[in-house]
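Participant: With these hints in hand, go ahead and build the complete structure from the sequences.
Those protein sequences? They're chains E and P, same order as listed. Here the first sequence stands for residues 1 to 119, where the numbers follow this note's numbering. Here the second sequence stands for residues 1 to 294, where the numbers follow this note's numbering.
Mixed in with the good hints, there may be bad ones.
In silico DSSO-like pairs for lysine-lysine, Cα to Cα no more than 27 Å straight-line [as the list claims (entries may be wrong)]:
| id | chain 1 | residue 1 | chain 2 | residue 2 |
| --- | --- | --- | --- | --- |
| 1 | E | K110 | P | K254 |
| 2 | E | K110 | E | K45 |
| 3 | P | K230 | P | K174 |
| 4 | P | K101 | E | K88 |
| 5 | P | K108 | P | K95 |
| 6 | P | K62 | E | K34 |
| 7 | P | K62 | P | K95 |
| 8 | E | K34 | P | K254 |
| 9 | E | K110 | E | K34 |
| 10 | P | K169 | P | K205 |
| 11 | P | K62 | P | K284 |
| 12 | E | K88 | E | K46 |
| 13 | E | K45 | E | K88 |
| 14 | E | K46 | P | K254 |
| 15 | P | K111 | P | K101 |
| 16 | P | K254 | E | K45 |
| 17 | P | K284 | P | K108 |
| 18 | P | K284 | P | K111 |
Incomplete in silico selection of chain P near chain E, CB under 7 Å [stated by the list, open to error]:
| id | residue |
| --- | --- |
| 19 | T86 |
| 20 | D88 |
| 21 | A90 |
| 22 | E118 |
| 23 | P156 |
| 24 | A157 |
| 25 | A195 |
| 26 | D197 |
Treat the hints as calculated values from the structure; they're not laboratory data. Just so it is clear, CB atoms sit at the ideal spot from N, CA and C, and this is done for glycine as well.
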Amino acid sequence: MKRRMLLGFFLAALFETSLAQKPEAKTVQITARKFTFTPNVVTLKKGVPVVLEFTSADVFMGFNAPDLNIRADIIPGQTARLRFTPDKAGSFVYLCDIFCGDGHERMTGKIRVVARGPE
Amino acid sequence: MVNRRSFLKIAGVGGVVFASRLARGADAYATSQDEFFFVQLSDTHWGFQGAANPDALVTLPKAIEAVNALDPQPDFIVFTGDLTHTTDDAAERRKRLGGFKEIISRLKNQKIRLMPGEHDASLDRGAAYSEFFGPTHYAFDHKGVHFIALDNVSDPAARIGDEQLGWLKADLGKQARDARIVVLTHRPLFPLFPAWDWATRDGDKAIELLMPYRNVTVFYGHIHQEHHFKTAHIEHHSARSLIFPLPAPGSVPKRVPLAWDPLQPYRGLGFRQVEAEAQPVEYKISEFPVVGKA
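Facilitator: Structure (structure tokens):
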């Protein structure tokens with residue numbers, strides 16, 4: 001009986017520790033409108049999961065960060081969600097990849113992924 | 001009058017003759033009659049206004065005058081998309097397409113093959129373009145070469161799409177594995193630089209369909225500069241623009257036009273001549289600057 005209780009305490013402690021170590025997913029909202037993303041610089045931490053939430057203020061747009069291998073359609077009236085965990089530090093371009101008019105080519109932003117500091 | 005030989009000389013001085021040899025036997029096609037040349041113009045962006053080209057109204061007319069001066073004349077002339085500069089105004093889009101049509105009517109050789117770019121077609125899925133110029137994808141044969149014009153722009157998401165890929169598969173199915181095939185398109189079919197949207201989202205599917213054919217060459221536009229690349233044995237050659245040059249892929253943080261230099265107007269702009277030879281299967285590319293009095 002005593003051994004079982006000890007095992008239970010041990011497992012509970014292990015579970016709490018793993019919960020404490022698992023980082024919370026951060027949510028970042030990004031609005032697309034002709035011909036900008038707001039914000040157009042997003043800073044994330046390596047290894048920390050994030051949910052990117054996209055809305056369009058006018059027309060059908062696309063979000064594409066090819067070097068992070070993530071993309072989403074941004075449909076007016078809907079919220080697109082993209083969950084991912086950056087696995088490398090650096091600066092990564094994102095762009096609108098749905099042709100949306102004169103100025104489409106300027107519609108870009110940057111994701112900065114920084115290494116996690118001490119908690 | 002500048003004849004073909006002197007044009008080649010000009011090209012040679014600039015070091016811009018590019019010989020593309022597809023060293024695979026295509027003996028069945030090899031006769032002297034099979035040799036010909038065509039001219040590729042691209043990204044004319046008729047209707048563009050901006051500091052990147054203060055001479056936008058005369059650049060295309062000058063290029064047309066230069067093509068008209070070729071002696072002999074090419075067998076035909078292709079425009080690989082972005083004939084017009086985009087506009088949200090549907091009436092203005094038609095006005096620009098009409099203006100472009102009027103200008104190319106000045107070409108001495110009216111054997112012209114057109115295809116759209118995203119500036120022409122992406123905002124209305126090719127509707128206005130088709131009213132003026134017909135289908136956005138098609139195939140034709142010329143002196144032993146099978147030409148395929150692929151549309152990777154009418155879908156604003158830069159997809160060829162399953163329907164057109166099915167058409168491509170059926171069209172290729174009629175060709176021998178050693179057929180001489182030239183693909184004309186606007187965007188690169190391979191992921192040249194996706195961070196600048198220099199790609200076709202399902203271009204890999206088109207390349208996969210083309211891969212079994214031993215003599216395939218792709219000529220495209222979109223990136224406003226020469227670029228030469230191979231996916232396995234398939235060669236891809238992009239053309240200069242006739243409005244403004246863009247920087248080399250990834251060479252600068254942003255994809256913005258190179259500044260107009262009043263001391264060297266039209267620098268980085270031009271068109272090309274492609275000589276198709278049957279034995280060996282080869283395409284000699286000669287790049288020409290914008291000249292002419294227009």
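Participant: Give a verdict on every hint.
Facilitator: How the hints compare with the structure:
1. At roughly 11 Å between alpha-carbon atoms, K110 (chain E) and K254 (chain P) fall within 27 Å of each other, so this suggested pair holds.
2. With a C-alpha separation of about 14 Å, the suggested pairing of K110 (chain E) with K45 (chain E) holds against the 27 Å cut-off.
3. About 24 Å separates the Cα atoms of K230 (chain P) and K174 (chain P), which keeps this hinted pair within 27 Å; it holds.
4. Among the hinted pairs, K101 (chain P) with K88 (chain E) is inconsistent with the structure: their alpha-carbon atoms are about 50 Å apart, more than 27 Å.
5. Taking the CA atoms of K108 (chain P) and K95 (chain P), the gap is about 23 Å. The hint holds against a cut of 27 Å.
6. Proximity of K62 (chain P) to K34 (chain E) is assessed by CA-CA distance (about 34 Å); at most 27 Å being required, the pair is judged violated.
7. For the suggested pair K62 (chain P) and K95 (chain P), the alpha carbons sit about 21 Å apart, so the restraint of at most 27 Å is met.
8. Under the criterion of a C-alpha separation no larger than 27 Å, the hint pairing K34 (chain E) with K254 (chain P) is consistent with the structure, at around 18 Å.
9. Distance restraint check for K110 (chain E) and K34 (chain E): the Cα-Cα separation of roughly 17 Å lies within the 27 Å cut-off, and the hinted pair is therefore satisfied.
10. Distance hint between K169 (chain P) and K205 (chain P) is fulfilled; the C-alpha atoms sit about 10 Å from each other, no more than 27 Å.
11. Between the alpha carbons of K62 (chain P) and K284 (chain P) the distance comes to roughly 24 Å, so the proposed pair stays at or under 27 Å and holds.
12. Using a Cα cut-off of 27 Å, the hinted pair K88 (chain E) and K46 (chain E) holds, with the two alpha carbons roughly 6 Å apart.
13. With a C-alpha separation of about 9 Å, the suggested pairing of K45 (chain E) with K88 (chain E) holds against the 27 Å cut-off.
14. Restraint check for K46 (chain E) and K254 (chain P): the C-alpha separation of about 25 Å stays at or below 27 Å, so the hint holds.
15. In summary, the hint linking K111 (chain P) to K101 (chain P) is supported, as the alpha carbons are separated by about 13 Å, within the 27 Å threshold.
16. Taking the CA atoms of K254 (chain P) and K45 (chain E), the gap is near 24 Å; set against the 27 Å cutoff, the hint holds.
17. Restraint check for K284 (chain P) and K108 (chain P): satisfied, since their Cα atoms lie roughly 23 Å apart, inside the 27 Å limit.
18. A threshold of 27 Å between alpha carbons decides the hint, and for K284 (chain P) with K111 (chain P) the separation of about 21 Å falls inside it, so the pair holds.
19. The interface hint given for T86 (chain P) holds, since its Cβ lies 5 Å from the closest Cβ of chain E, which is under the 7 Å cut-off.
20. Interface hint at D88 (chain P): satisfied, since its Cβ lies 5 Å from the closest Cβ of chain E, which is below the 7 Å cut-off.
21. For A90 (chain P), the interface hint is violated, the least distance from its beta-carbon to any beta-carbon of chain E being 12 Å, above 7 Å.
22. Here the hint on E118 (chain P) is kept, as its CB sits about 5 Å from the closest CB of chain E, short of 7 Å.
23. With its C-beta approaching chain E no nearer than about 4 Å, P156 (chain P) sits inside the 7 Å limit, and its interface hint holds.
24. The beta carbon of A157 (chain P) comes within 5 Å of a beta carbon in chain E, closer than 7 Å, and the hint placing it at the interface holds.
25. Hint status for A195 (chain P) relative to chain E: holds, with the closest Cβ pair at about 4 Å, below 7 Å.
26. Nearest Cβ of chain E to the Cβ of D197 (chain P): about 6 Å, under the 7 Å cut. The hint holds.
Of the numbered hints given earlier, the model fails hints 4, 6 and 21; all others are met.
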